[in-house]
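Residue numbers (the working numbering), protein chains in the order written: chain W, 1 to 388; chain R, 389 to 554; chain A, 555 to 937.
Some hints here could point you the wrong way.
Claimed, not checked - Chain R side only, calculated, beta carbon under 7 Å to chain A, not exhaustive: (1) Arg419; (2) Ala421; (3) Trp422; (4) Phe458.
Think of the hints as simulated: they come from the structure by calculation, not from any bench. Being a predicted model, the structure only gives us computed values, none of them experimental. All residues carry an ideal CB built from backbone N, CA and C; glycine is no exception.
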Amino acid sequence: MSGNRVAVVGAGMTKFVRRAQETAKELAWEATHLALESCDMTLDDIDAVIIGTAPDAFDAVHMKSEYLSDGCGGWGKPVIRGYVGGGTGVFAPIQGWYHVASGLFDTVLVVCEEKMSSCQPHPQGAFLTIFDHTTERPLEPNLLWIFALEMNAYMNRYGLDKRDIATVAVKNKRNAADHPAALLGDANITLEDILNTEVLAWPVQRGDVSPVTDGAVALVMSAEHVARRVTNKPVWVEGVGWTLDTAYWTNRDLSYPVYVEEAARMAYKMAGITEPRQQIHIAEPYDPFDYKELHHLEGLMLFDKGEAPRAAADGVTQRDGDLPVCPSGGLLGVGNPIAAAGLMKVAEIFWQLRGEAGARQVPGSPKRGLAQAWGDLMQVGTVIVMGV
Amino acid sequence: MKEYVYDSVYLRSKDFEEGNVLFETWDPNARYAWDAGVAIGRYLQGLKAGQLIGRHCPECDRVLIPPRMFCETCFRPTDRWVELEDTGAIITFSRCYVTWDMIRITDPQIPAVIEIDGASPGMGIMHMLSEVDPDEVQIGMRVQAVWKPAAERIGAITDIAYFKPL
Amino acid sequence: MIREVAIVGVGWSGFRPITPDLSYKELMYEAAVQAYEEAGIDPRRDVDSFVTVAEDYNEGTSIFDEYVPDQLGALHRPVQTISGEGIHGLAAAVMQILTGQFDVVVVEGHSKASNILTLPYILAFAFDPVFNRPLAVHPYYVAGMEMLRYQVESGTSHYECACVAAKNRNNALLNPLAGYGAAISAADVMASEPVAEPLTRLECAGHSDGCITLVLAAGETARALTDTPVWVRGIGWANDTPWLESRPWGEARYAQAAAEMVYRTAGIKSPRAEIDFAEIDDTFAYKELQHLEALNLCPPGAAGEWTAAGGTEIGGEFPVNPSGGALGQGHLLDATGLARVLEVVLQLRGQAGQRQIETAEVGLAFGWRGVPTTGGAAVILSN
Numbered sequence: 001m002s003g004n005r006v007a008v009v010g011a012g013m014t015k016f017v018r019r020a021q022e023t024a025k026e027l028a029w030e031a032t033h034l035a036l037e038s039c040d041m042t043l044d045d046i047d048a049v050i051i052g053t054a055p056d057a058f059d060a061v062h063m064k065s066e067y068l069s070d071g072c073g074g075w076g077k078p079v080i081r082g083y084v085g086g087g088t089g090v091f092a093p094i095q096g097w098y099h100v101a102s103g104l105f106d107t108v109l110v111v112c113e114e115k116m117s118s119c120q121p122h123p124q125g126a127f128l129t130i131f132d133h134t135t136e137r138p139l140e141p142n143l144l145w146i147f148a149l150e151m152n153a154y155m156n157r158y159g160l161d162k163r164d165i166a167t168v169a170v171k172n173k174r175n176a177a178d179h180p181a182a183l184l185g186d187a188n189i190t191l192e193d194i195l196n197t198e199v200l201a202w203p204v205q206r207g208d209v210s211p212v213t214d215g216a217v218a219l220v221m222s223a224e225h226v227a228r229r230v231t232n233k234p235v236w237v238e239g240v241g242w243t244l245d246t247a248y249w250t251n252r253d254l255s256y257p258v259y260v261e262e263a264a265r266m267a268y269k270m271a272g273i274t275e276p277r278q279q280i281h282i283a284e285p286y287d288p289f290d291y292k293e294l295h296h297l298e299g300l301m302l303f304d305k306g307e308a309p310r311a312a313a314d315g316v317t318q319r320d321g322d323l324p325v326c327p328s329g330g331l332l333g334v335g336n337p338i339a340a341a342g343l344m345k346v347a348e349i350f351w352q353l354r355g356e357a358g359a360r361q362v363p364g365s366p367k368r369g370l371a372q373a374w375g376d377l378m379q380v381g382t383v384i385v386m387g388v
Numbered sequence: 389m390k391e392y393v394y395d396s397v398y399l400r401s402k403d404f405e406e407g408n409v410l411f412e413t414w415d416p417n418a419r420y421a422w423d424a425g426v427a428i429g430r431y432l433q434g435l436k437a438g439q440l441i442g443r444h445c446p447e448c449d450r451v452l453i454p455p456r457m458f459c460e461t462c463f464r465p466t467d468r469w470v471e472l473e474d475t476g477a478i479i480t481f482s483r484c485y486v487t488w489d490m491i492r493i494t495d496p497q498i499p500a501v502i503e504i505d506g507a508s509p510g511m512g513i514m515h516m517l518s519e520v521d522p523d524e525v526q527i528g529m530r531v532q533a534v535w536k537p538a539a540e541r542i543g544a545i546t547d548i549a550y551f552k553p554l
Numbered sequence: 555m556i557r558e559v560a561i562v563g564v565g566w567s568g569f570r571p572i573t574p575d576l577s578y579k580e581l582m583y584e585a586a587v588q589a590y591e592e593a594g595i596d597p598r599r600d601v602d603s604f605v606t607v608a609e610d611y612n613e614g615t616s617i618f619d620e621y622v623p624d625q626l627g628a629l630h631r632p633v634q635t636i637s638g639e640g641i642h643g644l645a646a647a648v649m650q651i652l653t654g655q656f657d658v659v660v661v662e663g664h665s666k667a668s669n670i671l672t673l674p675y676i677l678a679f680a681f682d683p684v685f686n687r688p689l690a691v692h693p694y695y696v697a698g699m700e701m702l703r704y705q706v707e708s709g710t711s712h713y714e715c716a717c718v719a720a721k722n723r724n725n726a727l728l729n730p731l732a733g734y735g736a737a738i739s740a741a742d743v744m745a746s747e748p749v750a751e752p753l754t755r756l757e758c759a760g761h762s763d764g765c766i767t768l769v770l771a772a773g774e775t776a777r778a779l780t781d782t783p784v785w786v787r788g789i790g791w792a793n794d795t796p797w798l799e800s801r802p803w804g805e806a807r808y809a810q811a812a813a814e815m816v817y818r819t820a821g822i823k824s825p826r827a828e829i830d831f832a833e834i835d836d837t838f839a840y841k842e843l844q845h846l847e848a849l850n851l852c853p854p855g856a857a858g859e860w861t862a863a864g865g866t867e868i869g870g871e872f873p874v875n876p877s878g879g880a881l882g883q884g885h886l887l888d889a890t891g892l893a894r895v896l897e898v899v900l901q902l903r904g905q906a907g908q909r910q911i912e913t914a915e916v917g918l919a920f921g922w923r924g925v926p927t928t929g930g931a932a933v934i935l936s937n
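This is chain W alone, in the form it adopts within the complex (with noise of 0.2 Å):
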């Protein structure tokens, strides 16, 4: 890579609940607090904050960064908001890291911030407005139908049964158990459990969809001079990618995620990785629903086309298994404070590879990982791959 290198120093988090009583700037606070604390910085030794954050419907503020500025830590400095629907949580850091890259600046702060709750009476209704307002608005979709409707495609073109994607869920929500910030972990939960929720949208049932949630994540980026000085244990930004697909997504083929394969290349090739399979040792997809998490590894290549639901089945993505896959419990278990889920992933990698991870440890060090996120109408893919 040129460009200056790009560590991530320190990061923090809310707890990832229903419904908070901190205010949006709050949870941002706290989660910022905590991530400059863990580095044993304070705001002076910030440059410039970057702020990612999903529909302004959610929080109910417009121009929502401005709002979430100062709780940020962004007040008197350069504030920025990047925005590319649910990629946003793993976007924000690749924002991080160009802004360090560029030479710009020496550290940045990264604040993903959601809180969902206050989308009342059901936060699924800020989703009516994604879709086009006046080709589908009309017909009052509702967000599961496009899950429901690339689900149904996937399992069709592969001839995967529910029961091949709950495997995910379970995981997950086991995984979780062991994360401090959790919502939805629990370490008894069977593939019956799943298989039996109510049916929302056929084929998505309860049990396949991560919670509404409100949370925090921050993190601290550093170019390669300041890191060395703040840590012995910096995690390096090795690559980054992300693409867009047509916004005419009942033109697409539903069933790969070819965005997310886009976003791979461009970040696999600015690591240099060439074997996928062989040199990514963790992945942190974003699994929003548990199909997804299978769609995703697929689309990063680190498992064939239609493989992954098999993969899952024989363990090979549990924490001890050769490819852990969110160890973290991902958005399934930990929770999914959209823009905040996709950036606990990329502090699940940094706290992995420093060996920090406690009860979710993966076993043999790790060296490197990536997270990944998705997100618009299901077009957007970003990647980062972090290194030790």
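For this one, chain W is given, so just place chains R and A on it according to the hints.
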């Protein structure tokens, strides 16, 4: 690692019902009148007339629906309108037991992506299925639009009431 | 800055109060095609990354990012939205090029303000939901309060503020990309109805629809693409506190902080001597004066007198908003700062027609996010 997780406070529904916490409410007054433009304007006119309309890309030789004045693949202007059939095949579908704001319903809504006859392969639009047993719906099933009566059509996607099996 | 960056193509569409003939996608396509044509590039092959500037509630669509790639030729390419001022989007593109990973990056911003039926209510939705919003006052009251405090602290008269509106509306008469040109005087401006005293109607920018697309390229690529690159010399942006309760009402501290960064990155020590002209946010007339002072282009409290004496007219010693600014062109929501940048580019290329400035070698553009925010961004360009 616990030290990097802030002990945020969790509220329960009861806290609100019993008035233990205070809150502000606000209904956003956000109203819009979006210009349909050339392509979608013509599309809506077609719907009012009971006709699905696509647009042809000369470079890719594709027929696109919904129509657009430029092709997103080659980034060239499209060149002509194409009248399409109101029949097609189901690309994918769902049976949905909750409304868009998560109110539970007994009889499922059946959204589907429908590949429209006369457009290029894979060119689908989203619409609803009806007049069908929800358990009988299958990928690949042939369907046809059921139009509202001409007098009730206003130039909107809802001028098609739903699609039903052929 | 560690790498050279230049603007090598610009495109625009609209700049009219209404554009009922085109959808936002068609408006964007028109501007994009023009910019690519000018830069001599094919977006499907030659562009490494795309940045668009948009806010959901200005579009009436949640996650507007979804609807961006098709009309920019950005399918399957890196695309991101900046929910900020247009110049924040430009900053994102500049940073991407500076990393060395990207050679050509496109920035787009647009407005379909005419499609928003309840614009003041949308602005009100940007206020703190607990402390400020329940007061349910028209959001421009913040501008009225700020103007009053600015006048008191700086000793600026209402007449001097009104001179800004008169100058910019008259400048707009010379600009085909301006929907609000008018031969009005400062007296006319002061006599118009009060909006939030002391602010009058003609001191508030009306809105326009429009789109601006810029093509940026790294040094060598830029030289290969065009004989007239416009170089990005420096970039800076900053926020002050979001709280109405604790902001410094008299001065634009966010603009001071953005100025510090833009001059530092550009290596500029004496802004007034080293810069020839500026396009500066004038969403409200007094804002041009407040921003001029914060940007250190004149001493504190001197902008009003300078403006009233004609120093910032097109033929003056330091032209400000020769385009007509937002008061003359119409406010383009998130794209307003990019309209400022567009004019600086046209002036530096000598393509500004009747409003061309004689000596235009270094220009500054500054954008502000509007009430109730304290976010601003600046860029310095040269030919």
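Structure-based check of each hint:
no.: 1; hint: Arg419; result: holds, 4 Å
no.: 2; hint: Ala421; result: holds, 6 Å
no.: 3; hint: Trp422; result: holds, 5 Å
no.: 4; hint: Phe458; result: holds, 5 Å
Of the numbered hints given earlier, the model fails none.
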